[in-house]
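J.: The lines below spell out each chain.
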Amino acid sequence: AQSVAQPEDQVNVAEGNPLTVKCTYSVSGNPYLFWYVQYPNRGLQFLLKYITGDNLVKGSYGFEAEFNKSQTSFHLKKPSALVSDSALYFCAVTYPNTDKLIFGTGTRLQVFP
Amino acid sequence: DTGVSQDPRHKITKRGQNVTFRCDPISEHNRLYWYRQTLGQGPEFLTYFQNEAQLEKSRLLSDRFSAERPKGSFSTLEIQRTEQGDSAMYLCASSGDDTQYFGPGTRLTVL
Chain F
10 AQSVAQPEDQ VNVAEGNPLT VKCTYSVSGN PYLFWYVQYP NRGLQFLLKY ITGDNLVKGS
70 YGFEAEFNKS QTSFHLKKPS ALVSDSALYF CAVTYPNTDK LIFGTGTRLQ VFP
Chain L
6 DTGVSQDPRH KITKRGQNVT FRCDPISEHN RLYWYRQTLG QGPEFLTYFQ NEAQLEKSRL
66 LSDRFSAERP KGSFSTLEIQ RTEQGDSAMY LCASSGDDTQ YFGPGTRLTV L
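The listed protein sequences correspond, in order, to chains F and L.
Using the working numbering, the first residue of the first sequence is number 10, and each one after it goes up by one.
Using the working numbering, the first residue of the second sequence is number 6, and each one after it goes up by one.
Bear in mind the hints are in silico, worked out from the structure with no lab data behind them.
Among the hints, erroneous ones may be present.
For each label pair, taking beta carbons as the anchor points, the in silico distance ranges come out as [what the hints assert, rightly or not]: (1) Q119(F) - G8(L): 25 to 33 angstroms; (2) G101(L) - E75(F): 24 to 32 angstroms; (3) T107(F) - G21(L): 29 to 37 angstroms; (4) A14(F) - T104(L): 17 to 25 angstroms; (5) T43(L) - Q54(F): 33 to 41 angstroms.
Predicted model only: the values in this text are computed from it and were never measured.
Glycine included, C-beta positions come from ideal geometry on N, C-alpha and C.
Isolated chain L (complex conformation) (with noise of 0.2 angstroms):
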């Protein structure tokens, strides 16, 4: 399979831990996105890369997420201290032109 891949695709935490998730893109896929969805919503914008370089971050990314691509390849989305507000699904996207193709997510219960 040559699709994004993520991992895990289920996690479940309490309050005040840190969590981390990894993306793996199309492989020829320069760059790579970040979108949290909640039930009933779309999926919502949280930050992109063109290969390494973080060139946009979303007003809904907070000084406690953090999210790093350091070879342009995979990535990884770090929230700390979380909250029961982030419980979500997390996206990662990967293009090569101007089509976002979806991986699987990684879906967030915080208790």
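Isolated chain F (complex conformation) (with noise of 0.2 angstroms):
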């Protein structure tokens, strides 16, 4: 079955620092790779995603993702953290021709002053 792992509930990192999110998925096809950021009470807001060509990419707020197919991983990344980058971070997976995304638990990102 298709399925996505985030094995850290928590991460903290200091302001400042660079923060990594990590995220596996199950091999099945060629999967694509998005990051969701959900601020409290707010719906998702997409960050990034792979779906094919460079394995790394990157998107909003200066956040990176890189894709290793043979670790099955896509971990997120950023150089230097921000206070205001604080939130539940979800990786999700698609696969071509099933359009519904599944997503991990989250890991909840705090970062500190």
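With the hints as a guide, bring the two chains together.
T.: Structure below.
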């Protein structure tokens, strides 16, 4: 079955330090991979996606993610964290011709001043 | 604002009542999706439309749930005879390509 794993419930990082939020997915065909961010009592906001091409994708607010096919991972990164990045981050996968997104359980990012 | 909108934002109802939610997608998007999110979990797919056709429904969508998109624009999600287990955030998304854009959600509380 297609699935997404976010192994960390929470990630804590000091402002100005680099951050990484981890995501792995189950293998079945050629996945499309996404990161979304959710602020309290809000819907999900699209950050970035990998469809094909360059394994390093850049998105909104300085975030980037690297698709690693051999490790079936799509970790979210940012070189320098901001307090305002504190939120709930979801990794999601879909496959061609299915359209539905399969989400991980989310990782809460806490950036301390 | 040209994003996805949902109405109402919050709904409190008593068990056994019917509720209906509305979603207005981004205007040029032909695909519309409904998801449900419970506390501490990621969103779970419920159903999706391409134009007015409902193309896929999750097993989560019991007989008490029905969704429509009659003119291929806005969509409604109705829950009949609500149960406490229906309490959740109901999210709508739309897409015109491979990226889904989400609305703010409707938070349902069933007492």
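J.: Look at each hint and say if it fits the structure.
T.: Now the hints, each set against the structure:
1. Q119(F) - G8(L): 25 to 33 angstroms: holds (27 angstroms)
2. G101(L) - E75(F): 24 to 32 angstroms: holds (27 angstroms)
3. T107(F) - G21(L): 29 to 37 angstroms: holds (35 angstroms)
4. A14(F) - T104(L): 17 to 25 angstroms: With Cβ atoms ~22 angstroms apart, the hint holds.
5. T43(L) - Q54(F): 33 to 41 angstroms: Roughly 20 angstroms apart at Cβ, these two residues miss the hinted range, so it is violated.
Hint compliance for this structure: hint 5 alone is broken.
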